[in-house]
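Dock chain P against the given chain B, drawing on the hints supplied.
Those protein sequence lines, which keep their order, are chains B and P.
Numbers 1 to 67, taken from the working numbering, label the letters of the first sequence in order.
Numbers 1 to 67, taken from the working numbering, label the letters of the second sequence in order.
None of these hints come from the bench; they were simulated from the model.
All of these numbers come straight from a predicted model, not from anything done at the bench.
Just so you know, not all the hints are guaranteed correct.
Taking lysine-lysine and the DSS-like style, the derived pairs with C-alpha atoms no more than 27 Å apart in a straight line are [stated by the list, open to error]:
1. B:9 - P:48
2. B:48 - P:46
3. B:46 - P:44
4. B:46 - P:46
Simulated coverage check for chain B against chain P, where a stretch passes if three residues somewhere in it have a Cβ under 8 Å from a Cβ of chain P [unchecked claim]:
5. 2-15
6. 20-32
7. 40-48
8. 52-58
Simulated DEER-style distance windows between Cβ atoms [unchecked claim]:
9. B:16 - P:10: 35 to 43 Å
10. B:9 - P:42: 20 to 28 Å
11. B:62 - P:28: 15 to 23 Å
12. P:48 - B:48: 16 to 24 Å
Just so you know, even glycine gets a beta-carbon here, dropped at the ideal spot from N, CA and C.
2 protein chains.
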Amino acid sequence: MCESNAYLKDGDNEVMLMESVDTIEPYENGLKLMDSFGKQMFIKAKIKNMTLLNHRIILEKLPLDNL
Amino acid sequence: MCESNAYLKDGDNEVMLMESVDTIEPYENGLKLMDSFGKQMFIKAKIKNMTLLNHRIILEKLPLDNL
Chain B
1 MCESNAYLKD GDNEVMLMES VDTIEPYENG LKLMDSFGKQ MFIKAKIKNM
51 TLLNHRIILE KLPLDNL
Chain P
1 MCESNAYLKD GDNEVMLMES VDTIEPYENG LKLMDSFGKQ MFIKAKIKNM
51 TLLNHRIILE KLPLDNL
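Same shape as in the complex, but just chain B (with noise of 0.2 Å):
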């Protein structure tokens, strides 16, 4: 299967968001994820990195000053 996992990069870690995501838009001030069973997750992030080879989607948080 294709899809990929979505990690939030917080520091220097990397927290497990959402597996097997299937697709990510932009909603309002962020991000809407979407895995490939239909659950839904909006965050207030940006996509940092994609490598779908590797199946990894990294997500950064917005500044707050942003919202």
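Below, chain P alone, put in the same frame as chain B:
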């Protein structure tokens, strides 16, 4: 393989930009795309929608006054 194809939305059309995209990351005022052969492309666009299970990444040109 789990690469996706990147398309640029142009009105109602979607124009193929790059096949077999592996990596996407922000770059200056746009995005850097790299395919699975290492070919790079820079484009002043943002991600409009990605559906990984359909292998589709839709990009949208940034308005010129954002550059």
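Now the hints, each set against the structure:
1. B:9 - P:48: holds (22 Å)
2. B:48 - P:46: holds (12 Å)
3. B:46 - P:44: holds (16 Å)
4. B:46 - P:46: holds (11 Å)
5. 2-15: holds (count 3)
6. 20-32: Result for this restraint: holds, n = 6.
7. 40-48: As far as the region 40-48 of chain B goes, the hint holds, because 3 residues have Cβ atoms under 8 Å from chain P.
8. 52-58: Holds, because 3 residues of the region 52-58 of chain B bring their Cβ atoms closer than 8 Å to Cβ atoms of chain P.
9. B:16 - P:10: 35 to 43 Å: holds (36 Å)
10. B:9 - P:42: 20 to 28 Å: Once the Cβ atoms are compared, 23 Å apart, the range 20 to 28 Å for residue 42 of chain P and residue 9 of chain B holds.
11. B:62 - P:28: 15 to 23 Å: holds (18 Å)
12. P:48 - B:48: 16 to 24 Å: For residue 48 of chain B against residue 48 of chain P, whose Cβ atoms are near 18 Å apart, the range 16 to 24 Å holds.
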